[in-house]
Amino acid sequence: MPEVRVSHLFKKFGNVNVLNDIDFTINEGEFFTLLGPSGCGKSTTLNCIAGLEQPTAGSIAVGGTPFVDTERGIYVPTEERNLGMVFQSYALWPQMTVSKNLAMPLSIRRASRGDKAERIHDALDKVGLSHLKDRYPHELSGGQQQRVALARALVYSPSVLLLDEPLSNLDAKLREQARAWLKRLQEDLGITTVYVTHDQDEALSLSDRIAVMFEGHMAQIGTPKEIYERPATAHVAAFVGSCNFFTGKLENRNGRICQVRLDNTGAIVTIVADGDFTIGQEVTVAIRPEKLAITPEAIDVAGVNVLHTEVLTRSYVGSRYEYGLRLGRNVVQVVSADGGLDGAVRLVFDPEDALLYPGVTIPSQEAQELMTVSA
Amino acid sequence: MAILATERPAPVQQRAVLPAPKYRKVFGVGRSRLFQYVVIVILALFVIAPIVPILYQSFTDRPLYEAGGILTVQNYVHLFTDSGFGTVILNTAIFAVSTTVLTLVIAVPMAVLVVRTRLPFGKVLGLSMQWPFYISSLILSFGWITLYGPAGFVSVVVRDAIGFVPWNLYSLGGMAVTEAVALAPIAYVFCANALRQSDASLESAAQVCGAKPLRILFSVVIPMLRPPVVYASILTFSMALETLSVPLLYGTPVKIEVFSTFLYTNGLQSIRPDYGILGAASTIILFVTIATVFVQAKVLKNSQRFISVRGKATRPRRLELGWIRWVGAAGILLYVIFGATLPILGLVFRSFTLIFTPLQSPFKTLTLANYDRIFTYTAYINSIVNSVIIAAVGAVLISCLALAAVLVAKRSNFRFARTVEYLALGPQAIPGIIVGIGFFWAFALLPNALGGLFQGALAGLIVAFGLRALPTAFGSISPALMQIANELDNAARTSGADWLGAFMRVLRSLLFPAFMGAIILVFVTMMKEYSAALFLSSAHTGVIGTTMLELWVQGNSGSVAALATIQIAITAVFVAVASQFMKGHADA
Ligand SMILES: Nc1ncnc2c1ncn2[C@@H]1O[C@H](COP(=O)(O)OP(=O)(O)OP(=O)(O)O)[C@@H](O)[C@H]1O
Ligand SMILES: [Mg+2]
Numbered sequence: 000m001p002e003v004r005v006s007h008l009f010k011k012f013g014n015v016n017v018l019n020d021i022d023f024t025i026n027e028g029e030f031f032t033l034l035g036p037s038g039c040g041k042s043t044t045l046n047c048i049a050g051l052e053q054p055t056a057g058s059i060a061v062g063g064t065p066f067v068d069t070e071r072g073i074y075v076p077t078e079e080r081n082l083g084m085v086f087q088s089y090a091l092w093p094q095m096t097v098s099k100n101l102a103m104p105l106s107i108r109r110a111s112r113g114d115k116a117e118r119i120h121d122a123l124d125k126v127g128l129s130h131l132k133d134r135y136p137h138e139l140s141g142g143q144q145q146r147v148a149l150a151r152a153l154v155y156s157p158s159v160l161l162l163d164e165p166l167s168n169l170d171a172k173l174r175e176q177a178r179a180w181l182k183r184l185q186e187d188l189g190i191t192t193v194y195v196t197h198d199q200d201e202a203l204s205l206s207d208r209i210a211v212m213f214e215g216h217m218a219q220i221g222t223p224k225e226i227y228e229r230p231a232t233a234h235v236a237a238f239v240g241s242c243n244f245f246t247g248k249l250e251n252r253n254g255r256i257c258q259v260r261l262d263n264t265g266a267i268v269t270i271v272a273d274g275d276f277t278i279g280q281e282v283t284v285a286i287r288p289e290k291l292a293i294t295p296e297a298i299d300v301a302g303v304n305v306l307h308t309e310v311l312t313r314s315y316v317g318s319r320y321e322y323g324l325r326l327g328r329n330v331v332q333v334v335s336a337d338g339g340l341d342g343a344v345r346l347v348f349d350p351e352d353a354l355l356y357p358g359v360t361i362p363s364q365e366a367q368e369l370m371t372v373s374a
Numbered sequence: 000m001a002i003l004a005t006e007r008p009a010p011v012q013q014r015a016v017l018p019a020p021k022y023r024k025v026f027g028v029g030r031s032r033l034f035q036y037v038v039i040v041i042l043a044l045f046v047i048a049p050i051v052p053i054l055y056q057s058f059t060d061r062p063l064y065e066a067g068g069i070l071t072v073q074n075y076v077h078l079f080t081d082s083g084f085g086t087v088i089l090n091t092a093i094f095a096v097s098t099t100v101l102t103l104v105i106a107v108p109m110a111v112l113v114v115r116t117r118l119p120f121g122k123v124l125g126l127s128m129q130w131p132f133y134i135s136s137l138i139l140s141f142g143w144i145t146l147y148g149p150a151g152f153v154s155v156v157v158r159d160a161i162g163f164v165p166w167n168l169y170s171l172g173g174m175a176v177t178e179a180v181a182l183a184p185i186a187y188v189f190c191a192n193a194l195r196q197s198d199a200s201l202e203s204a205a206q207v208c209g210a211k212p213l214r215i216l217f218s219v220v221i222p223m224l225r226p227p228v229v230y231a232s233i234l235t236f237s238m239a240l241e242t243l244s245v246p247l248l249y250g251t252p253v254k255i256e257v258f259s260t261f262l263y264t265n266g267l268q269s270i271r272p273d274y275g276i277l278g279a280a281s282t283i284i285l286f287v288t289i290a291t292v293f294v295q296a297k298v299l300k301n302s303q304r305f306i307s308v309r310g311k312a313t314r315p316r317r318l319e320l321g322w323i324r325w326v327g328a329a330g331i332l333l334y335v336i337f338g339a340t341l342p343i344l345g346l347v348f349r350s351f352t353l354i355f356t357p358l359q360s361p362f363k364t365l366t367l368a369n370y371d372r373i374f375t376y377t378a379y380i381n382s383i384v385n386s387v388i389i390a391a392v393g394a395v396l397i398s399c400l401a402l403a404a405v406l407v408a409k410r411s412n413f414r415f416a417r418t419v420e421y422l423a424l425g426p427q428a429i430p431g432i433i434v435g436i437g438f439f440w441a442f443a444l445l446p447n448a449l450g451g452l453f454q455g456a457l458a459g460l461i462v463a464f465g466l467r468a469l470p471t472a473f474g475s476i477s478p479a480l481m482q483i484a485n486e487l488d489n490a491a492r493t494s495g496a497d498w499l500g501a502f503m504r505v506l507r508s509l510l511f512p513a514f515m516g517a518i519i520l521v522f523v524t525m526m527k528e529y530s531a532a533l534f535l536s537s538a539h540t541g542v543i544g545t546t547m548l549e550l551w552v553q554g555n556s557g558s559v560a561a562l563a564t565i566q567i568a569i570t571a572v573f574v575a576v577a578s579q580f581m582k583g584h585a586d587a
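Residue numbers (numbering that gives the first Met the number 0), protein chains in the order written: chain H, 0 to 374; chain Y, 0 to 587.
It should be emphasised that the hints constitute simulated quantities derived from the structure, not laboratory data. Some hints could be false.
As the list claims (entries may be wrong) - Residues from chain Y that face chain H, not an exhaustive set, calculated with beta carbons under 8 Å:
1) ALA19
2) PRO62
3) LEU487
4) ASN489
5) THR493
6) GLY500
7) SER508
8) PRO512
Keep in mind the model is a prediction, meaning the values are calculated, not measured. Even glycine gets a Cβ: it sits at the ideal position worked out from N, Cα and C.
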């Protein structure tokens, strides 16, 4: 299973830059996910790999073979790339039965009769649908169609598997099961896989590595753990998982230990952070809801970061509670197992658990407005 | 689905890799690209062939196939000084504008009534509203003259009753009314479709607010109609500009000339036609029609945006209009009966009698003599056979070309995809009679051996009629393709099929119904067509239309009626059989 090398990819539609210097390498057998909000260019990137779009500049190589290289004028058409692709709508050919759908790529490759039958049987077996091989696509459920589409993409043993939001048309429950199933199948096959989704849970649970994209730019590439725990920018932190953001000023700094005065209450918090910060600089502090702890005002707590707040809202979301706490003009989201907190409480967090970003980067205007209480 | 969560996928056996297919290249391009170039070259030749000779002729001082031509603008000067072209322009303008207004007056209220209100027998009325489309306007005009002409059946009845006939068919007004009746189905279909697509929730909202049905009709439904109405009016206007049948039959006896009849008289009826003036007039008319089609394309683009912004199609709610609905139903019935059904039935009946007048019972003179006359002359029989051959062969060829053009225009990354679309839709702007003149000159310019293949031959007629039918075919296949998700061909491409392979293996069978639909449409269109043949037919390659005109001039209105009946019968049988075949295929 070969590696996929995408370098300095640019794509313009008319005057709009849809992809800007997209650059990454996917290792052999890796499950690699392109994650980002709608319209950020994930599908365009995938289509460039598939050859369905031609990049304006840049190159793509699979297993060392150049598929497209704008400088050298190389372009291998889609049909000669030998990739397997599953589309969002599954794109099963409606006039053919399941086995005919699978037979087509094989007859294009002039496989012998016996080989064909065997491969079709194998592929359908892999997705657990051999008993439905004579059905037409419209006679299958959404989940079954999705598996047939996958079987069709795998039946000719392609070098790389490309998946464009293949689970987005399934209902929530089925999506979770299909996710686990897909992950096992990919591991068993060991096939290099590029997966496109805007669903962060999907990306986190499936991927070996994730590339987060915004508006045609690559924001961060890393393992799910890295992306979640050390997001490179406030945008990534906001998009992957939920996050509280506070703006403030850097008051003091001693090595990795930074002291920040928060704009909302004027309190000073301590944060351990890498990176270049100068004293007096505007910064943004980001903390995940589950990294915050709430303790009743009555109990004394030791710790560097203790903020005085009060409970605004509490909602039960199954197995835990979500609190909204007032912090100056901000509402802070906190997740806690304790459902009995009310009134004045204290908010505690570890300096290692907060993230610090330069500048006042408010990721989403709308989210920020929702997180503000009118004075 | 529980199986999913527990069962591990079967263990994997590695199979031998099946390499992706390699496609051969000719001159560095694949067969798909080659195919796309072939399509654009054929289209370009097809469209440019009749236009270039016209332009050239309009600036040349002698017939274009004579040697030693000198470039000049003299033709244009002549055209505007001493050929009466000014009056022609005025007549055409009056005719086209009044036709457009009348067409909208008929079509728009009917579309609203049928689609948006609860109408008695709404469905039947809606369908019957469309059937005049299948009748050629030449035949419709014959029918109208038979009933409402100076000596027509209805005219005589009315004169007997009140002492005079309150209308005069042989006038610009009469022409406009007849043409409007002929064009109304097209405008109707367009408005009805737009209304079906538009959002009904607006109306529901108005209803919830307590608005009365009539109020809703005027404040919500009618404004929504603006884009389709604008489009339909431009469409009607451009079709009225180029129509030949009605002006030819009504206008010639009383010397009212419009664009098309001007070309007809100057090109065919004068003993020594002035080719320069013919070329210059054709050029100017071409400019006008191209301009209207251009505006039409622009408006259509905007109106589509207008419709699609409204989002999801919901089932339109039908308004309850009380007693007004009976007025509406009666109006539609009046149009269908007096506009189309009676004239056509009258014509059919006429074909079986010697004399057709209320003064004497036509049943007394029932006869087959009108048909006898047609079947005793080989030239007449030939014209029927020719029409069928042209329509049948043309339907297949043109539908194939249109299918190829749609694929290239809508589903390829071909650099000239847009050009292909313009080329395929462009002939809409070329009036039939100009197509005839253009190809007549183009064939004359071809080297002898090649020219002989087309000059006065059926092949020439197929080419000329085909050009006229191409936009229709393109327009009927293109929406069908747009409904097929692009991902279906992308899936074929990633599976290893090249562009042409994706069509052959996946799209072909999905597009088959649309292709059959195009064949039917082209057959009907080419069956109705005759104007180009006026210039292109030789003595033994006449078509039904030209023969009807010939018989009309001779005063054989009985045989004209007989030929018209035959043409209607052929069309009806073909449409019935083909639709049956299509149904059978769809079930399989
Ligand atoms: N053919 C095209 N012409 C013009 N713009 C396009 C075209 N295809 C995509 N775009 C634009 O490029 C941008 C990226 O599109 P893309 O389909 O890659 O987004 P995406 O990340 O896959 O989004 P989604 O999650 O909604 O599928 C979008 O803003 C889109 O409007
Ligand atoms: Mg996408």
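Now for the hints, and whether the structure bears them out:
no.	hint	in the structure
1	ALA19	holds (4 Å)
2	PRO62	violated (49 Å)
3	LEU487	holds (5 Å)
4	ASN489	holds (5 Å)
5	THR493	holds (4 Å)
6	GLY500	holds (7 Å)
7	SER508	holds (5 Å)
8	PRO512	violated (11 Å)
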